[in-house]
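Student: Listed below are the residues making up each chain.
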Amino acid sequence: MSDEAKNNDLNPAEDREPSVSDVAVPMWMMGLLIVLLWFGMLFLDQRAGGFDEQVYRPYPSLAFVENLSVTDPPSIARGRALYNVNCAGCHQSNGGGVSGQFPPLRGSDWVTAPKADRLVRVAMNGLKGPIHINGESFNDAGTAVMLSVGSDNKFNAEQMADLLSFIRASKDIGNSSPMVAPDDITDAMAAAESRGKTPWTEAELMAIPVE
Amino acid sequence: MSSVLTENRIKSVNESCRGPLMLMFISAAAWLVISAVFACLASVRFHSAGFLADVSWLTYGRVHAASMNALIYGFAIQAGLAVATWLICRIGKARLAGAMVVTIGAGFWNLGVTLGLMGILCGGSTGFEWFEMPGQVNLMLLAAYISVAGFALVTFHHRRNRDELYPSLWFIVAALFWFPWIFTTANALLIGAPVRGTMQAVVAWWYANNLAAVFFSFIGVGALFYFIPKVSGRNLFSRSYLLLAFWVTAIVAPFGGIPADAPVPAWMPSMSTVAAVLMLVPVLAIAMTVHSTLGQEKCMTGWSDSNLKFFLFGALAFVFGGMLNAVGPALEVVNHVFPPLYNGSPAAEVPGLGGQIEGTPFSQDNFVQFTLLTPALAQLALYGFLGMTLFGAIYHIVPQLMGDDMPSAAWKELHWKASVAGVALTVVPLILGGIYQGGQWNESLRDFAATTGLPVNMLRAGLLGHLALLLGAVLFLANLKLIYWRKCCPCCVPSFLRVAGGESKTAEASS
Amino acid sequence: MNRGPLLFLGAFFALSLSWFGIILSPQLQIGSQNPSDAADLGIRHPAPRSGDAHAGLQVYRAAGCVYCHSQQVGQGGVIFDVALTKAGIFADDVANAILRVNSDLGRAVVSNGVGNTNGFIFMRDVDFETADHAMKRVGEVGGNVETALIPKPTGRDIKLGWGARRSVARDYLYEYPVQLGSQRIGPDLTNIGNRRPDAAWHYRHLYAPNTVIGGSAMPGYRYLFEEADKEEDAVTVKIGDQEHRVVPTEKGRQLVAYLLSLRNGPRLFETPMPKQVKPQPAIAVADPAGAQ
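Residue numbers (the working numbering), protein chains in the order written: chain A, 5 to 215; chain B, 56 to 566; chain C, 774 to 1065.
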């Protein structure tokens, strides 16, 4: 054992275990704990969002979030779902199109015209041949064809109206023209019934008034 | 005389611990070397992007994870467990119960860590920080842990010293309970039946925070408050200070760890902010206890003591890290409780809703989240506080277990110097890099790429620190190996020692 | 404190507290969320990944990308636009009220805007108090005047283009493991699929990061590639004077598919964003980003 004591040259005798004195915690330290707890509660009161699962930083409360939360008209929401499945592949989910290949919908004079009569026809029967959009020409070679979206009664008039409303009036696409009503669809199709189901050309469409 | 009785008892206690604890100490040191090698490899990847880019298992994400896990599971938990076991035996004056089982358990722990690291390197990481080892090895780790800690607790139950519990034991016994619970919870909720979505991140944060802020803190603080009075020959100052520190830490610390801007409801990061602020109280209590135990003078002269300086460094790192941890949250709380202090407008009732509110100086969103301050604090806690404390404890314990001095005092001294240099050279650049990022990442940041240069250079500089840590770890391992060979191999008396020797060799060979 | 059992019970109690606080109650709140079924969305968010993108998350995890890249967008605050959605019957009084709360607008712009039925943004990028005050002043005019508050998420990450809004728990419903990350040694990847939609760019970047982003500290991931033997799907990477023609391995393809699938989500209830109001430049110097 003397051997061991010598080993730890800086240690006192190994058998002497430290003892503990019992000085009470000073009042100021308890005070600090209480003050910090108080501050913590004030902080949680402001920044815990009422412990609600829907409140994230930096929003203060559920009521505040609810107040800001706005909803689209239901028709736009339904149209979005149709758009993502049927159109977004070419025209992109933001309606930006692909330069030189797929025409843009955002800001396009064909889409945002005051009346949707041309747009309805394009969507129902498709489009072939060259076309000019906001002055830029697409499909100069005339080989590409936009397929019909709504022929074969794939969609009823209401669904078509939802889809076109989304294209014309949703923030996703970035257009804010008037929405399209189901009646607009049925009217336009009735007017064009004699023409058949072949895709439209730019020249034909330009003959239809949209103002 | 009673002192003869005591001497015999202590001798018998040490003998009971010798086999299993030497195995754990030596394996822990070996893992420290391995961790340092991986850390060096990870740093090298910042020096040359193309270097080893063809080798999947040496990619940065894998060697970095391997290095952290070797440090946490191989070294810190193993050495911490061994020191805790010794303290329970020693303070309780009881022989270690089930030494054989403890030895086998330690062997399996090392086997588990080896397999776990191999899993990480092969791409089997779980993807949760500090919990990367593939789920399959966790059952082995848990069984190994229980066979070690379980018998430590049995020993605690049979302690002979029935005086009032020494404060170190509160911390250590609580820590031994803590780990299996958080480890099981993490396993069940991340691997067994994974929770959905963001809850995984919440569980992983909870686990890592409990591991660092409670388990490691308790082991380290428990060791500090035995060894500091012991080595300096003074009495431990104030049971009630430590009682306060213990309960506040145990209740408050586990609520920390949710980052300020995490994609979870606002109350969770806010709870963590408050928890980080409240942690100032235990840190302060612990700092004052260390200071009053040693006295003003010894706090200065202690640095020339070859053992005490390890503990002094550990305590200093604990207090510094604790303070640094609380700075951001404290400023945020003060900013919100007294809004006029920072923007002069008492009307800004709801910060964040007015455009430029983010301009609060030192808002923790800028300074702590995603910056290098996070790894800096982790490194400081793991190596500066826990690592250094455990080094000091091992240098104190091993000569008693083996009945001989450490073979080379010069190596020990060099290990100390290399570790101090290594901690400084890894932590300081990270802190500087973190402060730089925090300063740059404000509302007006428009070019993120322009702010990555300096932080990356700081990571590059870390290579020097990791090389120093590697040198220190090698010397540490060599010293432990040498005393083991010198004292044990010639005689190899009790049968379980032979198992111990064999296990430790396989553990190292396989790594 | 002299009893082991007391110590055990104390530790048990303390840990239970945090278990209930940080594990159980969040689990009850966000652990069983569903994809957004908000009526206004029309699409379900989030949608599970499939195919290569689904497998790519595991490549991302195995390579430890998470140690340098985060996948969570923060939001420093909210700023507001205020719009007039309906002028009501006292259009002139409304115009005067608008001019009083925002004197930067010219009278011509205001009377034009008030006449427009599609909404007129008369105040941009202001804090909540100012917006609220303006709405009250204009609302006082009466006569069925209607105004709308348009919240716009803002903050460092959003201005960096890392996402349009903050990340919320619901965004990660189908991720396992969730890779939020704690470091930004490289940029945030929440929205990388929108920011870098080109797969070839990602291949070049992964093979030799320096060749596409000068001074990048990212290590190369050449083990995700093999030398090209077929010409058509090869990616050419120029390192110095040397041209490498390589094709991604299956894992490389999966990783890039995953990266391309990372997109910041749409508006959710938790993160209010602008409702469509006719985006016309009411203020002479209109902020194009603010208009959308």
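Honestly, I wouldn't trust all of these hints.
Below, in silico cross-link-like pairs of lysine-lysine (DSS-like), each with a Cα-Cα straight-line distance of 30 Å or less [claimed, not checked]:
no., chain 1, residue 1, chain 2, residue 2
1, A, Lys175, C, Lys909
2, A, Lys158, A, Lys132
3, C, Lys859, A, Lys119
4, B, Lys66, B, Lys148
In short, the hints are calculated from the structure, not lab data. This one's a predicted model, so the numbers in the text were calculated from it and none came from an experiment.
Student: For which of the previously enumerated hints does the structure constitute a violation, in increasing order of number?
Tutor: Violated: none.
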